[in-house]
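Just so you know, the protein sequences line up as chains A and B, in that order. Take the first sequence: its letters are residues 1 to 616, numbered as in this note's numbering. Take the second sequence: its letters are residues 1 to 616, numbered as in this note's numbering.
In short, the hints are calculated from the structure, not lab data. Remember, it's a predicted structure, so these values are computed and weren't measured experimentally. Where hints are given, some of them may not hold.
Identical copies look the same in the list; a pair holds intra-copy or inter-copy alike.
Stated by the list, open to error - Below, simulated DSS-like cross-link-like pairs (lysine-lysine); rule was C-alpha separation at most 30 Å, straight line: (1) 432 - 538; (2) 485 - 610; (3) 498 - 95; (4) 613 - 485; (5) 267 - 376; (6) 498 - 613.
Number of protein chains: 2
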Amino acid sequence: MSGWRDCRGWQRALTREPSSECKTPEEMALFELQNYLAASGCGRQVGIKTDPSMDESFQISESDGGVLIRGGRRGVLYGVYALIEALELGESLPKGVRTPCYPLRMIDCWDNMDGTIERGYAGRSIWFEDDAFCYEPDRIRRLGRMLAGAGINVLCINNVNVHMPAQQLPGSLLADTAALADLLRPFGVRLMISIDFSLPLQFGLESADPLDLRVSDFWSHLAQNVWHAIPDMAGFLVKADSEHRPGPNAYGRTHAEGANMLAKALKPFGGVLVWRAFVYNCMQDWRDTDTDRPCAAYDLYQPLDGMFDDNVILQVKYGPYDFQVREPVSPLLVGMNNTRMGMELQLAQEYTGQQIDIFAMPPMWRRLFDEMGKEKVSAVAAVSNLGRDDNWTGHPFAMLNLYAYGRFAWDPDTDPETVIRRWSALTYGFEKDLTDRLTSLLMESGRVYELYTAPLGLNWMINPENHYGANPYGYEFMVWGTYTKADRNGVGIDRTAKGTGYVSQYPPQIRHKYEDPQTCPDEYLLFFHRLNYDFVMKDGRTLLQRIYDDHFTGYELAEQMAETLDKMPFPEPDAGVIKERMEKQLENARQWRDVTNTFFYRFSGAADAKGRKIYS
Amino acid sequence: MSGWRDCRGWQRALTREPSSECKTPEEMALFELQNYLAASGCGRQVGIKTDPSMDESFQISESDGGVLIRGGRRGVLYGVYALIEALELGESLPKGVRTPCYPLRMIDCWDNMDGTIERGYAGRSIWFEDDAFCYEPDRIRRLGRMLAGAGINVLCINNVNVHMPAQQLPGSLLADTAALADLLRPFGVRLMISIDFSLPLQFGLESADPLDLRVSDFWSHLAQNVWHAIPDMAGFLVKADSEHRPGPNAYGRTHAEGANMLAKALKPFGGVLVWRAFVYNCMQDWRDTDTDRPCAAYDLYQPLDGMFDDNVILQVKYGPYDFQVREPVSPLLVGMNNTRMGMELQLAQEYTGQQIDIFAMPPMWRRLFDEMGKEKVSAVAAVSNLGRDDNWTGHPFAMLNLYAYGRFAWDPDTDPETVIRRWSALTYGFEKDLTDRLTSLLMESGRVYELYTAPLGLNWMINPENHYGANPYGYEFMVWGTYTKADRNGVGIDRTAKGTGYVSQYPPQIRHKYEDPQTCPDEYLLFFHRLNYDFVMKDGRTLLQRIYDDHFTGYELAEQMAETLDKMPFPEPDAGVIKERMEKQLENARQWRDVTNTFFYRFSGAADAKGRKIYS
């Protein structure tokens, strides 16, 4: 048996491999249910009844010792997984009709066809290798089960930076793409592909101008071919005019014109066009203080609000920068009221520990949905943390983020602690006090990472080449628009109306909270303000002392995490992986603590008030 | 005609491709002479007379309008090239017997068999591709002519970091290696290969312990095979116990034991064993202030002085760090009186502009030979700057460094200005005032680069990932032992007896000069001392102001270089390359100037005394 087969994560109870015989979610629902009931010996009578009008919804009802799962074609599969979870956890069965909050619940994979994954921390691609599709069908079905079990319904299979030959996924590679779609269809998972805006040039056209009729014809024909081969294709994802990718700007067209042209091609087939709003000047001169990267997306897109077609989704990263540990929710997510919006999260722990350091994301997502308001978006996406590692996610705990993401996508009012506890209990089946201990460790893990790396909104003090480890001045003179401006007096960028004006992109009630350092939450302080080291914070400490304290505290808490984990009876192979990665995390935390404190000590010249060791 | 054929550099006068018919340097000497005389129509009568006892030496004598070149088998070829140079330059013919100062004049190529070159800035490998030998024989012969014309007699063909399959060069790839040796033999160029100290493990032995008889037997047999295939093989080059390469330390043996074991295997065949002394702790903790990387090589090797066999050459980089713009000569080169030593230079402009920025090295070499004393070494080596680019060296001016290196290897008393002028005149054939202008620009080029990058001995403020461009704190918290310790008060490491003690590795007369900041040459000031920004220098300026001034001056001088070059009538394709690279150099110089000045301004808080723009 190869390693990945042994790792079922939170789906431990599903001991039989998903059958290749099942062709639809309804068939898969029956298969999963029957096998679970047989294996668990729970003795309940459970029936399934499909009501196509319910689509993804389901309802579980009990009567006379029998249980009935009623749902749409895909709903019944979600219902089965929900039932199994409740039974495994010993909980009462979910009540009422359950309907996902967001109809599009996407995982975006940054897989390249050479088998590498951009920002992948769990091994190589599960379905690409050597510039071709290459996978074990069994593994794809297990993936499908995981995605369906988490409630995810769209999988974008290739990197938004579309390199050759991935540009041919909707062309010469379409049959292979369709074969993968077939494997995932029984799990209610539809494919999406990332496309290159300049694709018409690859097919012999001289232009990719969205207002050129030959170009829109090209895309219409392409869509026709794609949906002919894959009738339930979810849509296309596009990164355009971003970090050197081609886009409509080259032809003097707006992003609305670019996106709408593509959207019209997909419209007849019910496809959506997901347009990424991750656009900024990635060749900024650090000397230029008029340009402030967080302002970029709002400045570009807000004037276009209302101009996008109804099958365009504008996909916006959660914060205005780029998946940093602590960013306020993007003003674009708050301020576009006449556009279908999607929020992009990132399960891949690019800046958050790379699946070496533990970082459970539900508390961060709770905050983001609260800051944004769940009704602001109609879709959610998350960059995948999956790969060919035996445990699928590199660190066993990273699978929590996949599971929890799906829960938030169904219900953005999800309570972080509840979802973490459920995942912990399902995955390890510990007794209650151990589960509680693991839950509280995971609940704290993001804050711990934040404390030893980048507290108070201090972003971008990370190694530029790999986005792991401390390098406080590494980004300072580069082209990325990511500066802290630390000097002997203070640190941060003034983003109030007196500074770059970024804060003015928020509606008044949010703006007022952030624009005054006295009311701005500590966690965002240096995101919005430039302050001197002797600035006195709400708790009476100076800014500098708080930076020192947070870093010392972060490391101490990481040490405590290590001690806690050391005493927990994880099964192998998880135990070994957890221990080995925790050692690396501690080394990383120690480096962050000392480097950051030394950095600010060298600038400020002020010793730690508590006399702890800061290297000179 | 492919591009490289059009580029003859300073050998413009040799218009006919070297003949494949010539099998020996004597035959090649005759071929080159006859073809030159025919093509140039100079009408002189020139004879060649071989005196095998003269080996590499030659003497040119004139009588009755006739010229006689008398020399050893290789000496006559050098004599022919010397004659041609003199005739081309309109100089009088060289007088007396000419004998190279160093019998081993090596070029070390860091070529990998996949075709890449570590620290290569002129394209891919000339002889490797796709894990195999792959070359045009004509191009190898042209390379041979260049090397012989420069006076170089050994070519080490593979990276000192020996990756697979290059480990098989003395094994299964030996026949291919021999074929390359055959091509270069007519130019008096002998091959050397870099070998992996742990090679016995690849061949099934369980150990590479130098005191294990099976291991020494293995090497003896290997040497026997190698010299059987290539009887004039020069020797082996080894990087051991350095930057994660295997070595004798793994078996508790000294470097003398490791080197001597290998040397004994080569001894019967007249081979030399070149042992690199580039050994230091490359996993240093930046918090550790007791360890000072420049001390490492002397501490390790000086106690072994006198213990190396006489066919071992200890090859030492010119400075104690690693090819930085300005380092004092390595104390190891000065302090090993009972060991055959070799000095390693670097034509590849790893830290000196990467063959984009202009950096003519003769003035640096003049200084190094003067600091060291030419008699201290018996061999010289230089890391290659060659590659598959049409002009061989990326920047046309980089070929000067190859040419001049050979001249220094023949005569370390070479005058930098003379050698630069000769190269300039030979290469471009301008009239005298243009040649003078180019000569003085090249003479200044290293100083200009130093001023805008790293004046005053300020090393390692360069991008760690690629060694190009400003990144003043990039190395500061890494594992490489390369720190500047800049803070709000000052910068530098105290390497006097009160500090790390590095200066004590030098003999008294050198030590005395460096250990007092009042007598230490400005160029080395921050190499040896930690000083506050308000330290008053010999010329009355503060250290900080001097840092600012040097960076402003460096950029201004670079601008003047650009203006000078713009007015010079370089032929194509040189003109285009020179112009394009000069633009990049200017951008690089501007970035260095502003980043470095801003860096120190943010620490010191002190403005420029002359009110020039320093970004905040």
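> Which hints, by number, does the structure contradict?
Replying inline: 1 and 3
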